[in-house]
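From first to last, the protein sequence lines stand for chains Y and D.
Take 1 as the starting number for the first sequence in our numbering and just add one per residue.
Take 1001 as the starting number for the second sequence in our numbering and just add one per residue.
No wet-lab data here; the hints were simulated from the structure.
All values derive from a computational prediction rather than experimental measurement.
For glycine and all other residues, C-beta sits at the position ideal for the given N, C-alpha and C.
Errors might be hidden in some of the hints.
What the hints assert, rightly or not - Result set (EDC-like, lysine to aspartate or glutamate): computed pairs, CA atoms no more than 16 Å apart in a straight line:
1) Lys20(Y) x Glu59(Y)
2) Lys1099(D) x Asp88(Y)
3) Lys64(Y) x Asp27(Y)
4) Lys20(Y) x Glu104(Y)
5) Lys1099(D) x Glu59(Y)
6) Lys1052(D) x Asp1082(D)
What the hints assert, rightly or not - So the derived list for chain Y, only partly shown, Cβ under 8 Å to chain D, looks like this:
7) Phe28
8) Phe39
9) Ser43
10) Leu46
11) Thr49
12) Glu52
13) Gly53
14) Ile93
15) Gln106
16) Pro110
17) Gly111
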Amino acid sequence: GAVVSQHPSRVICKSGTSVKIECRSLDFQATTMFWYRQFPKQSLMLMATSNEGSKATYEQGVEKDKFLINHASLTLSTLTVTSAHPEDSSFYICSARDLLAYQETQYFGPGTRLLVL
Amino acid sequence: DAKTTQPTSMDCAEGRAANLPCNHSTISGNEYVYWYRQIHSQGPQYIIHGLKNNETNEMASLIITEDRKSSTLILPHATLRDTAVYYCIVRVARGTASKLTFGTGTRLQVTL
């Protein structure tokens, strides 16, 4: 299947700082990328849908000013957690949709584990 | 997207077939059935998807009932590396509305 990468794989930061997570589609172009969050022993929760060249669409209850999403190219989307707090500690996973794949199959990155101290 | 119902957990002996059921009684005519799995601390991995015909690939087989209200994912010869949470998701194939919404999935434990 297609490859999606994330960087960094894990990050520890102090409360109040901002953290940027990158998501790249390595062997295909993705006009649409998705950002999920997963707390321990829970399922993935969709945070937002990122469309190349336009504003992201956030799910209900997700603060758009706290979770800034930029999708500047067909292979890169970034999620910035601004003024992070301990409750933002979670596993963040991005996903990219391959428009040329059979029925636009969606592929996931390996995830980024964020710990806010 | 239609909601799915899966058993919380299942066990399977290594080398045997693992049959994971999924109910999606409210599925619409244009919605596909997708299966993903998530091994601990990794991102979900695409397994297979289908509309109404049975599908098979190198990883698994997908059996969809004629009325499309349920399906079964079959791992023909389970190994310890197949231990994971398996998610059954229904969604439309294309367009901005085709988001993947994850339920609680089935935790498959493959044992020796």
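Going back to the hint list, which numbers does this structure go against?
Going through the list in order, the structure violates hints 1, 2, 3, 4, 6, 7, 8, 12, 13 and respects the others.
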